[in-house]
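Participant: The listed protein sequences correspond, in order, to chains A and B. FYI, the numbering used here numbers position 155 of the first sequence as 155, with every residue one higher than the one before it. FYI, the numbering used here numbers position 644 of the second sequence as 644, with every residue one higher than the one before it.
Bear in mind the hints are in silico, worked out from the structure with no lab data behind them. Among the clues, some could well be false.
For identical chains, the list gives no copy identity; a pair is met inside one copy or between any two copies.
Cut-off 30 Å, straight-line C-alpha distance, at most; resulting in silico cross-link-like pairs (DSSO-like, lysine-lysine) [said to hold, decoys possible]:
1) LYS662 x LYS556
2) LYS683 x LYS556
3) LYS618 x LYS345
4) LYS29 x LYS388
5) LYS618 x LYS354
6) LYS677 x LYS618
7) LYS388 x LYS556
8) LYS556 x LYS345
9) LYS126 x LYS38
2 protein chains.
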Amino acid sequence: MNTIMIYLPIAMAFIGLAFMFAKRQWVLKQDPGDGKMKEISDYIYEGAIAFLKAEYRLLTFFVIGASAVLAGISFIVPTTHILIVVAFVFGAFFSALAGNMGMKIATKTNVRTTQAARTSLPQALKVSFGGGTVMGLGVAGLAVLGLTTFFIAFFHFFMNGVWTSTADMTIVLETLAGFSLGAESIALFARVGGGIYTKAADVGADLVGKVEAGIPEDDPRNPATIADNVGDNVGDVAGMGADLFGSYVATVLAAMVLGNYVIKDMGGNIQDAFGGIGPILLPMAIAGFGILFSIIGTLLVKITDENAKEAQVQKALNIGNWASIILTAVACFFLVQYMLPETMKMDFFGEGTKEISSMRVFYATIVGLVVGAVISSVTEYYTGLGTKPVMAIVQKSSTGAGTNVIAGLATGMISTFPTVLLFAAAIWTSYAFAGFYGVALAASAMMATTAMQLAIDAFGPISDNAGGIAEMSELPKEVRMRTDILDSVGNTTAATGKGFAIASAALTSLALFAAYVTFTGIDGINIFKAPVLAMLFVGGMIPVVFSALAMNSVGKAAMDMVYEVRRQFREIPGIMEGTAKPEYAKCVDISTKAALREMMLPGILTIGFPIAVVLLGKLVYADNNQLIAEMLGGYMAGVTVSGVLWAVFQNNAGGAWDNAKKSFEAGVMINGEMTYKGSDAHKAAVTGDTVGDPFKDTSGPSMNILIKLTCLIGLVIAPILGEGSDTIITEPVTTQSSSKEVSIEKSNIDGKATATVITIINGKREVQNFEGTDVEVQAKIDALK
Amino acid sequence: MNTIMIYLPIAMAFIGLAFMFAKRQWVLKQDPGDGKMKEISDYIYEGAIAFLKAEYRLLTFFVIGASAVLAGISFIVPTTHILIVVAFVFGAFFSALAGNMGMKIATKTNVRTTQAARTSLPQALKVSFGGGTVMGLGVAGLAVLGLTTFFIAFFHFFMNGVWTSTADMTIVLETLAGFSLGAESIALFARVGGGIYTKAADVGADLVGKVEAGIPEDDPRNPATIADNVGDNVGDVAGMGADLFGSYVATVLAAMVLGNYVIKDMGGNIQDAFGGIGPILLPMAIAGFGILFSIIGTLLVKITDENAKEAQVQKALNIGNWASIILTAVACFFLVQYMLPETMKMDFFGEGTKEISSMRVFYATIVGLVVGAVISSVTEYYTGLGTKPVMAIVQKSSTGAGTNVIAGLATGMISTFPTVLLFAAAIWTSYAFAGFYGVALAASAMMATTAMQLAIDAFGPISDNAGGIAEMSELPKEVRMRTDILDSVGNTTAATGKGFAIASAALTSLALFAAYVTFTGIDGINIFKAPVLAMLFVGGMIPVVFSALAMNSVGKAAMDMVYEVRRQFREIPGIMEGTAKPEYAKCVDISTKAALREMMLPGILTIGFPIAVVLLGKLVYADNNQLIAEMLGGYMAGVTVSGVLWAVFQNNAGGAWDNAKKSFEAGVMINGEMTYKGSDAHKAAVTGDTVGDPFKDTSGPSMNILIKLTCLIGLVIAPILGEGSDTIITEPVTTQSSSKEVSIEKSNIDGKATATVITIINGKREVQNFEGTDVEVQAKIDALK
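Input sequences plus hints: build the corresponding full structure.
Facilitator: Written out as structure tokens, the structure is:
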């Protein structure tokens with residue numbers, strides 16, 4: 001039984017990856033069209049590959065550097081093992097691989113969607129959503145595969161594959177945190193770098209092409225047009241993929257860490273059918289089943305009506321989405337009952353130890369699923385076409401750009417109200433049900449259908465690209481009409497997807513935050529200590545400054561692009577006449593370099609500040625690790641609270657401005673008059689959208705990475721600051737014929753010491769418990785040695 | 001000795017008020033000019049009075065309602081005394097009185113400044129700064145007078161004027177908190193209502209007058225022009241005055257609360273020359289001396305050069321400012337040594353009890369003075385004319401309103417970096433020097449020169465008004481030139497004054513926060529408890545939503561004004577030809593009503609949410625006051641951290657946009673070309689300024705009130721949640737010939753109970769101490785009864 005449940009997630013990951021490969025083959029077999037279509041598509045594909053190559057070059061340096069630092073830490077800190085470096089490298093590699101596969105399939109699917117749209121809408125949806133499915137399953141499959149494999153490997157390496165003690169399992173999970181850190185580091189590059197790239201290319205292409213040269217959008221004579229189309233994939237596909245990959249891995253990891261502490265609260269030992277690690281395996285099992293249900297969900301997404309409109313397409317997506325969510329809920333019900341002890345003891349800070357039935361853990365997972373669904377509606381309400389807040393922005397456009405901007409800002413700000421209340425309620429209720437383990441499992445359940453969410457999310461930019469290709473290739477009008485229907489639905493799913501990503505980042509960070517506190521063994525984070533309060537302030541400021549840096553970066557990178565496009569128009573004769581080809585690759589290169597260069601400073605801010613907090617703490621309170629750990633915890637809380645606020649504010653303001661501008665395309669009624677594109681009100685709305693672009697595509701989404709990465713760095717630093725339970729691991733003693741391993745966990749609370757000594761000889765496990773004063777217990781341990 | 005030091009602040013307050021009256025008489029004796037000048041000035045004065053009247057009507061209802069609630073609380077909660085209602089009413093009254101005096105003198109001084117400017121600049125400065133001085137001394141004098149008087153009254157009422165125990169003094173200070181709450185409630189009306197008023201009048205006047213009717217600014221034919229000028233006084237004079245009045249009182253109060261706990265940490269009893277309450281009297285003494293030094297500072301502000309420019313005026317102000325700051329520092333040095341025990345014991349959470357020399361308290365006051373000075377430079381750097389960040393916004397104006405807005409937002413956001421680091425450093429260092437008592441005294445020292453700060457601050461809008469009157473009265477060009485010099489300096493001092501107000505609000509809130517924790521007797525605020533963390537999130541969201549509501553309120557109020565102005569143009573024939581007078585009072589009335597109506601929702605949010613948090617907590621954790629107190633503490637911390645960030649962000653972004661726009665008046669170099677008013681770049685800068693106006697004049701400054709009022713409400717609620725020390729006050733027993741009062745303080749920690757029973761009969765005091773188990777001690781107490 002034991003071995004089946006631990007290997008089950010791997011099996012499901014393989015099923016997911018197999019399905020992905022089959023889908024991929026099917027998509028690639030579709031007709032990529034002819035002549036100009038294929039040519040444009042190839043340019044986009046090559047541009048994407050060029051970005052990936054440059055990114056990987058930079059990543060290689062980063063991974064080597066970060067590995068060296070991690071290796072250094074593992075040598076200095078006895079509780080950190082060198083294997084964390086291996087996990088880190090693989091986490092980075094898997095995340096990059098998932099992004100790579102997603103980008104490639106997205107840039108191959110776009111033209112095939114265009115071609116399919118020549119025949120019918122159902123076929124076009126099938127192809128574009130097929131590409132999205134490949135992306136989604138690739139991310140989810142690789143995440144589960146990597147995390148589970150490393151867990152099993154470390155579980156065997158450190159514990160010989162049998163439960164010994166919470167302390168040992170902590171080392172396994174601390175080392176596993178490297179995988180998550182690696183994945184999130186890549187997300188930093190993909191989300192922030194991608195966000196800068198896509199907006200720099202967009203703004204650069206528009207500024208010189210549309211404004212200066214007077215040629216329409218997506219015109220092949222514009223040297224930056226390919227970079228612009230590549231940008232859609234870099235930002236919306238690869239960036240979102242890496243973001244959710246990171247959330248997915250981090251959430252499951254945090255839930256495992258907290259599961260380990262559930263076992264600790266129950267006396268350090270439970271008897272179940274899973275070798276005593278049921279609470280630790282549960283989140284992985286949920287993730288595994290989530291892949292299966294996502295596959296089922298994707299299979300349900302189809303339309304048959306040749307004349308279908310947005311509503312039918314949206315309905316098809318909704319059916320698939322809800323099917324996967326409901327199946328996950330059902331699975332959680334059975335898995336929780338199957339894998340967890342019927343009642344568990346959990347320690348609630350300030351409320352004492354409580355008996356928790358496993359059903360309460362199930363309720364917590366339901367909280368997570370509800371949050372995932374509700375957040376999408378909330379986001380949709382504040383940013384959707386025709387909603388009250390968006391129409392209010394439209395109305396305010398009539399009195400100029402200033403009032404439009406104020407209305408957009410206010411909408412984004414007010415949207416934090418229901419969102420934060422929802423998050424706060426989710427934290428509180430899932431905690432009330434099952435402690436921080438409940439919070440982490442709520443996040444895990446929400447993230448279980450990541451594959452489905454990403455499929456829905458990635459099909460949008462694919463359809464957007466498909467429409468662009470149709471336009472550039474001058475295909476018949478009905479083709480563009482069909483891709484426009486998909487694109488329009490894609491805009492909605494993009495907005496709700498961003499809401500989902502924020503919710504996932506918020507819950508993930510909270511789970512990581514809880515894991516951090518248990519890792520360090522501190523009693524909590526008391527903000528009535530001034531240094532902790534000071535760090536709460538500093539942490540709160542970081543997302544604000546990060547956002548500003550990201551916004552400024554877009555401006556600078558866009559200027560690089562502007563200069564390059566101007567240079568090409570000047571130095572390559574015949575571009576405007578269509579007799580000479582612009583150097584698309586140069587623009588892609590410029591945008592790539594600028595994006596990667598400009599993300600350095602925000603990146604350093606993200607990684608450097610938590611480290612600076614610890615160093616400063618060490619400088620002032622050299623002997624008080626407890627206080628330093630609290631300071632870092634205060635910093636993490638500040639970043640999380642402020643980061644979530646700024647993410648919601650920026651994403652929703654940006655989304656609302658965008659759709660306020662789009663409202664003018666079909667015409668809007670302002671002061672009793674129909675107003676269209678080209679009017680003064682529309683111009684005001686365009687100004688709002690200009691402000692909103694970096695908000696929703698660069699700085700806003702970057703907040704997700706900032707808060708998760710901050711909490712992960714905290715988690716990796718945690719062992720350095722740990723001192724709550726005085727844990728000693730003796731060196732494994734190996735003789736010629738047998739392997740003997742002794743682990744001792746000792747804790748000393750309120751003068752009462754307890755110790756668990758576990759001896760494993762040839763896989764045979766013996767447990768001894770001691771209790772008494774510190775001196776008594778130590779004497780007994782010494783006697784054993 | 002005792003009696004001198006306790007009455008000294010009152011004496012100094014009287015000196016301040018006497019000086020104020022003298023100055024007021026002098027200002028009023030100045031020539032108010034003739035004819036048109038006087039007429040316009042009268043309109044502004046009457047408009048201001050109309051606003052005040054309407055405000056006071058609303059205030060009366062509010063004060064009655066809030067008093068009823070407070071009275072209800074004092075009946076239900078035995079530790080809250082009914083006298084808190086009296087203190088509350090007087091706090092509100094004193095704050096309103098100070099605002100009233102300030103508004104009146106400001107609207108009387110403006111025309112006298114114009115008249116003085118007809119002769120010379122030194123004379124104009126003397127008059128306008130004289131008006132500012134009246135305002136500053138009025139606020140500071142009334143604040144110190146009210147607070148000290150009530151302290152002495154309560155000290156005698158509850159303790160017969162002699163030290164008994166920390167518990168008794170806590171009751172004195174809890175009751176005194178009513179005074180602070182009253183003052184801050186008025187600040188809510190003045191700052192938020194005033195902020196909405198000033199921008200609504202401004203936008204309304206511009207929109208119909210400038211844009212629709214095509215008449216210049218400050219044209220007497222515009223019905224809203226008087227409302228616009230009244231607005232400058234309502235927002236910048238009365239709003240700022242009430243804000244600083246509130247900070248001033250709250251800071252001193254918080255420092256007294258923490259001083260009381262210093263005595264507790266030292267064993268509940270100290271021997272000094274001040275009846276054992278030196279640490280409690282110190283903040284009042286510093287405030288008292290601050291008034292004297294502010295007077296000296298104001299006397300140093302003068303110029304003699306008839307041809308002086310901005311630099312000389314600024315220098316004169318700086319000399320006065322620095323003189324008062326340095327004198328305060330010197331006074332702190334002596335006062336700290338004189339009034340505090342040479343060494344004190346203080347409890348540092350997580351670090352144990354430390355011996356603190358009184359000199360360390362002095363260092364903490366220096367931290368506060370330094371913060372007050374540095375914050376002004378930081379604000380000046382991000383918002384001043386010609387600074388790097390402002391010039392960057394100017395450059396970005398050339399590519400349109402969108403890039404201008406992004407640049408302004410980014411500037412405001414980045415300005416949180418040094419500001420927050422400064423605050424964090426201030427919290428940490430002043431705490432490291434002398435615990436939270438140090439933090440509170442840092443704030444007290446910073447606020448000591450409030451009179452001087454306000455004088456510098458209020459002279460700006462007075463000069464601005466003076467310039468407007470000169471323009472409207474068509475006075476010779478050199479008059480306007482002279483007032484423009486003062487106005488220009490006033491713009492700088494307005495920006496730095498806002499920085500000072502934020503810093504004061506931040507430090508005040510922290511001091512109140514610390515006082516709250518000690519009042520409730522909880523062990524700290526542990527954000528690792530999920531309900532506390534959830535409330536941290538909710539608290540963080542409130543300033544964002546509050547800001548959005550305030551911004552939207554400006555929009556709605558402005559529209560009311562627009563409709564009224566349009567109505568007058570339509571229904572009163574001859575306005576445009578100058579043959580008929582517009583109904584100025586109607587516009588003032590509309591703006592007043594709209595402002596007071598629109599501030600309801602943000603006001604309810606501010607007052608309602610802390611109460612909702614407690615009610616929710618009571619609903620879920622009926623028996624766990626400790627946890628509810630922590631939840632409220634988490635909420636307060638969230639509001640404070642997020643509120644400070646949004647205050648800095650909005651004030652500095654708004655200030656930077658404003659000066660970016662103003663830069664075009666003298667012309668700026670953009671891409672090698674001189675660019676002036678009327679250019680496209682200037683239009684883009686005007687858009688940015690439109691966004692920035694509610695930022696810097698409405699929502700930004702409101703944050704100060706939001707965070708202080710939240711913490712004050714927490715402080716007033718605190719006794720309801722207190723359970724750390726189980727305090728029982730028996731009803732005073734009065735016989736015909738004598739008054740007998742018994743106070744019992746009982747605490748029960750770790751199973752060991754201690755009780756202090758103090759019986760006062762006819763002023764004779766008897767103290768009995770008991771120790772033992774809870775049952776034993778209770779039996780002894782019962783026996784006494």
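Participant: For each hint, tell me whether it holds in the structure or not.
Facilitator: Against the structure, the hints come out as follows:
1. LYS662 x LYS556: Close inside one copy (27 Å) and across copies (25 Å); limit 30 Å.
2. LYS683 x LYS556: both (24 Å within a copy, 23 Å between copies)
3. LYS618 x LYS345: Close across copies (25 Å), not inside one copy (35 Å); limit 30 Å.
4. LYS29 x LYS388: neither (44 Å within a copy, 57 Å between copies)
5. LYS618 x LYS354: between (36 Å within a copy, 20 Å between copies)
6. LYS677 x LYS618: neither (60 Å within a copy, 54 Å between copies)
7. LYS388 x LYS556: Answer is between; shortest inter-copy Cα gap is 16 Å, intra-copy 35 Å.
8. LYS556 x LYS345: The answer is neither: 55 Å in one copy and 55 Å across copies each exceed 30 Å.
9. LYS126 x LYS38: within (20 Å within a copy, 79 Å between copies)
Checked against the numbered hints above, the structure violates hints 4, 6 and 8; every other hint is satisfied.
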